[in-house]
Amino acid sequence: MSITTPSRPPRWDQPFGSDITDADVDRLLSIPEIGAIERDIFPSHMPLAGILRNDSRIIHYKAGDIVFREGDYGNSVFLILEGSLRVVLAPGLPGGILGRREIQKNNFWQTLKQLWTQHKTPEVRGTQRYTQEAPLRKAVEPGETHVFLQDIPAILDSYRTAVLEKGTLFGELSALGRTPRAATVFAGTGAELLEIRWQGLREIRKYDQGWRRRIDQNYRKDALNSHLLATSIFSHLDVDDLQEVADNTLFETYGSFDWYLSYKKFQAQESIKEVKDEPIIAQQGAYPDGILMVRAGFARVSIERGHGRQTITYLRAGDFYGADELYRKWKGETNISLKVSITAIGYVDILRASTRIVEKHIFSYWDSGRGEIRKVKSVPSKMKRRMEDYFDQPLADGAMQEWVVQERFVNGTQAMLINLDRCVRCDDCVRACAATHEGNPRFIRHGKRFQNWMVANACMHCADPVCMIGCPTGAIHRSMPGGTVIINDDTCIGCETCANSCPYSNIQMVSIRDEVGQSILDPQNHKPILKATKCDLCADQRAGPACVLSCPTDALKRVDFLQWRPGSEI
Amino acid sequence: MTKAWGYIITAFIFFLLIWIWTLQINNVLGYSAFISGGALLVTIAFLSLFNVRKRLSFLLSAPVHQWFLLHAVGGFLALFLFWLHTGVFWPQGLYTQILAVLFYGATLSGILGLIMEKIYPNFLTRIGLECIYERIPQEIADLRNKAECLILECTKETDSDTLAQHYLETLRWFFQRPRFFINHIFGGQNAQHWVRQQCYISERFLNEKERGYLDQLFILADTKRKIDCHYFVQTLLKGWLLVHVPLAVAVLAMVFWHLIVIQVFFL
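From first to last, the protein sequence lines stand for chains A and B.
For the first sequence, my numbering puts the final residue at 570, and the numbers step up evenly by one.
For the second sequence, my numbering puts the final residue at 1267, and the numbers step up evenly by one.
With the rest of the complex left out, here is chain B:
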């Protein structure tokens, strides 16, 4: 945390210096956009190095969590430098507006990712079980098989298809694939309530032996609910990068084109 504050203060001082410099240049009727643009370019280039560092894990360099802190602080610095560079929140002209959309998109997705990375780990821990993302489909399939075997066994052992009918009408849908996406990502209890409700409403129609099977089914459904939650939250934790990184690459491409345009038409 101390280091984070160190980075924030350094970024703030850097921004302040650039700002003062641009003011001085403006006062002598110079063209300050070169200074703010140059600072923004350096910052964006530094931000893009984070992805390179992550991929080259064997290179001797600072731990990634330090880079991550710098990346986050650098992202906010870039946002303020962007405003300093453009002078407005929303620039004029199609090209710069496209650039602004991409830049804001990359920034917002980054901030969103940062918030998710702060909130969701604790949320996942509280679920009570741990799942490796790639294994989740297999785990759901295993639970579905167990549930169906249980229903078949119940029908065979009790000579009653009440639970089986109820399973086909309700819980089968639940076991087919991950469910309650929206509710899970906002930490809602709908899935838990739904599973409990389905078990509760069928209970009165079952005898003692069938209730034993229902209890086992409830445990399976509850485990499935927890795995669903893991699936959706981990999808978001991994998925936001699929938005952030392409937008950041697009920004880089646009910045490159921007430099060429300046080189050709301005200098």
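Isolated chain A (complex conformation):
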């Protein structure tokens, strides 16, 4: 079978799995889960066989190999073709077993010890670390490496697990919703899996009702209720009411999932054009038809100004909009329309709770003598303050926010912001960073500027950490307590996936050295071994980020732009 169409998707020029054959595709089409898909519905330029051929790959796992870890980011879904897997139930496996870096703050002695244990040569690693038994092994597929669990019987004895049998589809919620994997899955026995990347899954979900129903049901069953419960306006509902809200909530996706790939292209465009090109979620002046809740990604809130749009603020996961307009309409006010437009910045998942259900469960609750609650809960306090305070702000006052959104710094939760009117360019921040990180700074004191502000090239610990997508060993991960994105040096294999994915170029590859300063070479190809490095917010330092603490003029801060405005802190 050969798949050639005149208008095939450009992504198919680089198939997900390069070694998938026609025979493999035929075999996949014969298995019940895929065989049940109605092939004729797919358009000629997007045949099911083409999706299987180009958007999926077959991966083999040995017993103990980890398919993904709890907290990983991934953009693919898995279908078990042969064998069985184990999913680890709560409370899950400790980070050390998963090949993650256990972060522990240095005690006083360890802190003091840094005085004499620092090497003169940067990036020195103890070579013994790499000769010790690392939990990594080469996969059957060329170029693939898996982290594996070393003592499966002990793990099965000590932790609760459930079996995933042949034919099980899993990982679809994280793949479509850009949310962390909810649990760790590993191979209990040898297993063969079909991995479909999100683009392929999206197409199958789009054309096949069976898969769509299955995925949506899973989402409603597993994730929607907990998400609604975490949203402040629904937190007072009991289980039955919450279920009713969930049943009447629409799940919508806007924008491009892989926004980071086109990020640099957007940078060259005029900002006005970019705003106009953004997919519209809600239009200013339109009739409100429900509460919009952001489940993942970012949305721009803007108003019309002259011939363009002025950005007021932005929404991110957990934020919502529209309750105030709906409430006023419900109270009998006429000519109610949306005061702002909401557009997708890159990619956004929206939950739209219908007007009827909001009126029934929210407004009646607010109206039952709890007006104060409405004031507090109709919009998050920061949002409310911004909407009211910045609605009629001069263009100059909102320019910084406009720039932050345009440059996608909204993604950052710990952006390194430097006030150039205070910075004396002494580079003490750089030296302090180097002193706490193997003699090599983890950031570059250079970056994009706006007026007297500069966002330096330092990891921003993004809300949507696209760098974590595709890491084959899960070396780059979020720390569980603080959500800091960190790299486990021991399990990083230097594949550069994270460095290439980071839209802000904030991850650097470095060649590591031994104690005498010689580059450590890969014994197989004799090339220097590379490791990905980035800011870890000095996770193991007692005092916190050395860059911030070392600034003599208080010019450098780590900020979340949703909470920061010029003059608010520095």
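Think of the hints as simulated: they come from the structure by calculation, not from any bench.
Everything numeric in this text was worked out from a predicted model, so none of it was measured.
The reader is advised that the hints may include incorrect statements.
Below, in silico cross-link-like pairs of lysine-lysine (PhoX-like), each with a Cα-Cα straight-line distance of 25 Å or less [unchecked claim]: (1) K1156(B) / K557(A); (2) K1118(B) / K1238(B); (3) K1003(B) / K448(A); (4) K1054(B) / K105(A).
Since the structure of chain A is provided, determine the placement of chain B on it from the hints.
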């Protein structure tokens, strides 16, 4: 700013207490120099800790900007304590005069550095581009190469060497290394005026095509001017410490010797 005022008031009260104490001792015909000297010694020792704190960034201690404030306030306190200790602006005797020269030098360089650190950051921001100091020589070399390539291309494309001759006579000097040091550090416009003038005077001798190259050359020269400004100002911002720190170390050494002398000959 509130903290700075807090430190200033604390320093002022400290000085006042020491002053009153010395007055009381003088009234009973005691030797008050031990009190003022002791206070000065403690202050100088505290000032010297700032450099240690900067180098030990991983130690759990207050942020450096707090230390910097304390260092600045402590520096002024030390100056007043020095006057209280010596009793005069300019002491007698060679040894104490050397000590005074070093102390005044360290203090003045510190004040100068403080003023520069308040003025220059904003000045650098207004230039409009940002440069990492260590990369500046490379950036100037790149601009020079681009300018020379442009001149060669212009000569080749237009069959005219007017612009090339003019470049060799004037702008080549400008592109060789950072220029207009004095003017830049005082925020003058001479470099900007000079670059514009060199482009203006050659314009009338060029045809339309050559003027296109001249425009590109002007952009390169203007960028070079901005980088020069960064280079000189950052040199000063980094360089003043090369005066301040050695003088401060010398003061410490002299103070140490001063203590030994007092120990041996006075007590």
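Now the hints, each set against the structure:
For the proposed pair K1156(B) and K557(A), the alpha carbon gap of about 51 Å is over 25 Å, so the pair is violated. Taking the CA atoms of K1118(B) and K1238(B), the gap is near 14 Å; set against the 25 Å cutoff, the hint holds. Among the hinted pairs, K1003(B) with K448(A) is inconsistent with the structure: their alpha-carbon atoms are about 31 Å apart, more than 25 Å. The hinted pair formed by K1054(B) and K105(A) meets the criterion: a straight-line CA distance of about 21 Å does not exceed 25 Å.
In summary, the numbered hints that this structure violates are 1, 3.
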